[in-house]
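Heads up: the protein sequence lines correspond to chains H and A, in order. Quick note on numbering: the first sequence equals residues 1 to 614 in this note's numbering. Quick note on numbering: the second sequence equals residues 615 to 862 in this note's numbering.
Hints were generated in silico from the structure; no laboratory data involved. Ideal placement from N, C-alpha and C gives every residue a C-beta, glycine not left out. Among the hints, erroneous ones may be present.
[What the hints assert, rightly or not] Some, not all, of what chain A presents toward chain H, calculated at C-beta under 10 Å: (1) PRO785; (2) ARG787; (3) ALA808; (4) ASP817; (5) TYR823.
Residue strings, one per chain:
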Amino acid sequence: MGAQRRLGLILPPGDDPWRRFNLEQGFGAVAAQMLAQGWAVDVLAEQVPDEPWPAGAAFVPVPLLPWPVIGGPGSTSITRSLDFGHRLWACARTRRYDALLAPLAGGVLQPCLMARELGELDRATALLLWGDAPTAARLLADMELASLGALADDALERQCAELADAVFAPGAAAFAPLRKLGVPQERLVEARLGAFGRWPISPWSSGPVATLTHMGPGRRAWGADRFLDEVELRAEAGTLPPEGIRLLGPWRDRAYGLSKDLIGLRALDWAFDFGLDDAVEPHDLGHRLARGGPTTLVFSGPTADDDALVALAQAAGHSVELAADHRLANAKATDLGSDWPALIERVTGMRRATLVPAPSGNGPVASICIVHRDRPEAIVRAVASVAPSSALVREIIVADAGSVMDGVESALAIVAQSGAQVLRLPPMRHRAACQAAAAAARGDVLVFLDDDNAWRGDGAARLIEGLLGSEFDIVVTNLALHQNGTVGTDPAGSPMAIRAFIGEAHAAGLFFNCWGDSSLAIRRTAFDRVGGFGTYEGAGNDWAFLARARAAGLRIGVLQDPAVDYSSGTSSENHRWRKRDAEGARQEVVRVSALTFDEKLLALLDLSQLCHIV
Amino acid sequence: MGLVRAAECFGLGVIGLRRPWFRPTPALALPPRQLRSVERIGWLEGVHDGWLRGWAHDPIQPGKPARIQISGGATGGTITVLADHYRADVQAAGHGLGVCGFAVPVGAMVADPIEARWADTGEPLPGSPWRAGAAKAPLEGWRGSRIAVFDPPLPGSATLTGFALDTADPPARLEVMLVAGEHRFGPVRACRHAALARTLGGDGFHGFYLPWNPAVLAETVEPELRDARDDALLLKLNRTWARSVGLA
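Extracted from the complex, chain A is given alone in its bound form (with noise of 0.2 Å):
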């Protein structure tokens, strides 16, 4: 017992070991998600490159880094991880200081489908379970010169990303802003880097985080994407999209 508490409090992973006797001490335990009264938020955004990679943050214990069991893969074996990595995209999106990130070398251990799950509670993490081959496609759409892509956002984030180019003036960056009936968000400079803006010219310094409110969509008019410096649309914001990325 002694070794598996050691491991986890330096936030190594203990694989394939069970632990029968232990029971978490009601009054040690966090408190029920019925009694919070502000949701823990994570997600688990799959494998790439060979590591499975994800976010969880607890707005309660913003300081202390949260416990994630993984399990899955062929041999069904169950890890744990401390979610401490500095994930800025994560900050951005307003979530404390970012230092929620966990990534896991999964190698050729990979097998559908890889579940991740608060380690305290049991809980899972949104986006579990993860299956590879269910990518959500991002959201892309031309105005003349002009193209915009949305990311699939994460559920319930507060921030949008994606890019904005001017193919005929790469080096420009374009001013965005989210636009919903009465509602206006940004605008921000789109100068954020964008690995895949470079494809289509440029530097890669495109991308935008655009801050929003996913209960606008419940609204009747589709948020717009605009270009603020002159208001002319780059993208709609489409349901059936939104419906297929989770956010309606």
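Just chain H, same shape as in the assembly (with noise of 0.2 Å):
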């Protein structure tokens, strides 16, 4: 008998109840069948949920790390599926699992696929995805972008969904926006969630129906503005329940389209009666729906998270109508909840079939290129923390870019007696000094490091192999910040913070780095297929140079451990924007990248808010 298979299943922190009950919902229901199968299951959270769960299933929390993590510069840039997706990558290596099964929507299972890509995360590991709705059909829906936070969890989206083995998703109608979102159509997956926790039967529901209810917030996504429209057709042609309308569910009060004014604007014509009840909460709409008497409860989607409120409903015996285009349109009640066990078990063993070993015996094929100004100190530093990845180093070029300093000269002494290649140039750009040092380079991977970081440990031989073992061109890495001045002197290599990239970021490069930074490896063919580092010569030239790679069709990978002790001054982040945010290198990223973001969700966003915009 083999050892127990294990699944672990994904709650990630939401602000949306509603969403969030929907999931806890349909993830106990396939927890409740992997469990009778002899599975065993870890729910993944923040914290343990409040519905009820299936006996058996063993929670496991994602916790802090001793660091906090950022992403990209200040404050505008920190999105919550990437801090905690990074997190559940640290919970999720330490222990081995057959499959994973996340939500989509966020992105948050994005730094696991990226570690499984480049050997940070067991490669047997079936990462999989429930394909709830994409962030970018949701925020068109209801045509609202309140956050650049939410073109980043867009840009982790298109990533899951480029990397994840498998896209689970209720039928034809949920298809499409998953396909937009770029899952090749072979990866995905026809499945439903069903639901786990029982709702109380309506002593209702067996007389003939008083009302409609809509189910759930009062927003496009939901259906909401359907729905309306169909109790006016059904008014007019006299086919209205007897009691009118029920809306159970947040509205907002006031807001551009759907709101409580527009209700009551439209209610003037009304002659039938209505009710909204937005205090109402997910898990007591059994309640809910059992006092207000015989209802048909109307879900009009088809962008809506309520697969397993649809389940609920119809378990609790109430009468159901969906919309044609809804996700369930074309489930049959006795559809609603798939065979998991037999679907992941299919995945699975699909994933190790397929698994291909990653290479190894690499030889020395790295050109560690180390550009240098007056850092006498940092440069010998930096030199020779290269040492304990040297298997794979062909050779070390510092390109000095005309240092004037004293103690300069003995410093490249040092270097040049370890074996180091020294260029002596005259004072030049830090851009062209890359490029001169990649021209003198013989390695068929180029990777490139600033004077005053080091590489952590073996980290320039991680970011080889996970370039080398990848399908990605580039592979950049999350950095281990350091105040500045203290790389290589911190008790234990602790770091102050850890930056978190997103490496293809989509649109939300166009506002902030969010790419990777030039600490990164690139194979020689794709450096010498883009230009080089091109001509551009402002600060933010890493921020510009990895735009271009990737509107060149290069694909960019981020190693998750941080392969670099990166020097850093935090406590002046926010006054550094001439460096961050700099007009040349935005105005270059956006020249280079013009045609490669998603117009109809950056038309969305209201630039006059951008200042206030966390």
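Relying on the hints, combine the two individually framed chains into one complex.
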């Protein structure tokens, strides 16, 4: 008898209790099925859910790390899903899972997917997605983009769509936005969530229907606008139930579009009764429905995450109507709740069968290029930090861009004695010095490092192996941040924070550099294909280079475990706008990547609100 | 100069910039107030939740959002805003398409008083200057379990707003009408959203927007709000309150 197989179900943090309720119900049903088939089930979450959960499921808290995770510069760029995703990876890599199943929205699985591609997570683990409505689809439905964080979530989701082994979704209506996100057709698997909990059977459910009820937030994503249209059509045709309509769920007081103001305005022409209960919590719905009299629940989606609500309503014996293009439109009541053990076993089996062992025994293929100017102590430390990775390093090239300080000569003599090749260049910009080092390099892999940073243990080797063992053209790394001047001196190498990057940042990359840092590894062929570091000379040239590389079709991976100890002055970062948000860099990024972002999503941004966005 | 003009074209405020070179060309200026056959109308509503709000409508040029100059605060700065936000209540009150609202974040800069003027003529917007603490009180009255409330109206507005609710039967929507001597306005269904009504039970959909003519106040009879279903008196629009809110 083999070892017990283990499934990790991921419940990400979220502000929307309705979506969370739906997910907990649905994943509860999955857990119940998997436990019955002999699987061990862990629920990875920040906190234990309130709802009942199948006996036997174990809760694994996703803890805070000893240091904060920050994404990109300043307070505008952190996203909750990136933070949670990074902590999730740190938690999941210490445990062995045959499969991890997470919802799509927010892209919380992206760090795990990246880590698996780069060998930082067991390559045999199947990483699966539940295809709830993508962030972009939800935002476009309600014409609302409140935060740049949503753009980062969109970028994370796109990578999840590309890298996951399978994306489960309930049929054609749900497939369309997922295909648009980039999920390959062959990885779309039809499946339904079902529901774990049971509502009390309504004593009214056997009587004639007296009302129509819309359940869920008053948003277009939940079909609230279409519900009101439908109600008015039925009223005109004389087919509305005698007691009118009920709205169960939160509605905004005032807003563009759907709001209580709009209901009141439209109600002026209604001859039927109506009522709104916007204080209702999703787990109270069963009781509210039982109190309200016989009703027909109308679900008009199509981008709503209400699959489990539908299943619950049906299980409780309520009359349910689905809009023609609802995500579950083709489902019959008996279809709700797929055979999840069979689905997951099939995908995990395929993952194992097609697993290609990571290449090993790479020779010295990489050229380490370190740009230096007037930091004699730092350059000695940076060169020395390559040593643990020397098996993969063909040469070290130090490009000195016109140093004038005392002590530089002796420092360069030391690094030359250690075997590094020193290029003595006239004063020049960082980009040009990198380019000169690359021109002198002979390795198949080019690896860049700034002189005030240092490799973290065998960080250079991990970066190079990540590149060689994956299909990425460029691999950047999350950074272990240290206060200026303390790289290499901190006790036990403990950083003050981890800076997490997204890699392929998509539209979020237009606003801040969440692509990666200039500490990166790139294949020589890819470097030549993209034309090297290009002509942009200003601050933020790593931002501009990575945006241009992505626009040219190069794929960018992110090493999750920081390979670099990075010298940073976080206390002054808010003031370093010229470096972080330099107009020149952003202008260049927009120029080179103008055709690669989602213009519909960007059109939602209220630029006048940007200064308030967190 | 180019920067200032460009910013204003996009509806952006230009704070604290003096423009001594600017002289409106008489031939291009809007008609002087005394030549207008239709008055411009608007209201500076005041500061709520850190936003200064109001609206401004020009019936002669209904498709052209007005530019409103706002001054005041501790810094004494001036900004110009474009009154182009949609306001369902203003539309319902009969002022064009309602695309004439404005909202300015004032944050910590707010200080008494705040003035709003039409940018082209310098004429003050009704309600200006606005002073904190000068909010006008609503008028409320009970009849048995039924309560009716008039909101402080906008001067010159052809709409009275408020809510009416039977607390013994919150889901019911009342039909209300305003009776002033020979004049009757309504009935209308009290089903608009009125957040204040929620504090008395129900779901808050008990608001009404009643079309009326303020000129009826000049008559001897005090207008009365009545329940159209049984003609029961709900609330009298008394003259004391009308004077306090600037109606009479």
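The hint names ASP817 (chain A) as touching chain H; please verify it with the least Cβ-Cβ distance against 10 Å.
Nearest chain H Cβ about 4 Å off; hint holds.
The hint names PRO785 (chain A) as touching chain H; please verify it with the least Cβ-Cβ distance against 10 Å.
At 5 Å from the nearest chain H Cβ, PRO785 (chain A) passes the 10 Å test, so the hint holds.
Residue hint ALA808 (chain A), partner chain H, criterion CB-CB below 10 Å
Interface hint status for ALA808 (chain A): holds (8 Å vs cutoff 10 Å).
Just to be careful: measuring from the Cβ of ARG787 (chain A) to every Cβ in chain H, is the smallest value less than 10 Å?
With a minimum Cβ separation of about 8 Å from chain H (threshold 10 Å), the hint on ARG787 (chain A) holds.
Restraint: TYR823 (chain A) near chain H, CB-CB cut 10 Å. Satisfied or not?
holds, 9 Å
The structure agrees with every numbered hint stated previously.
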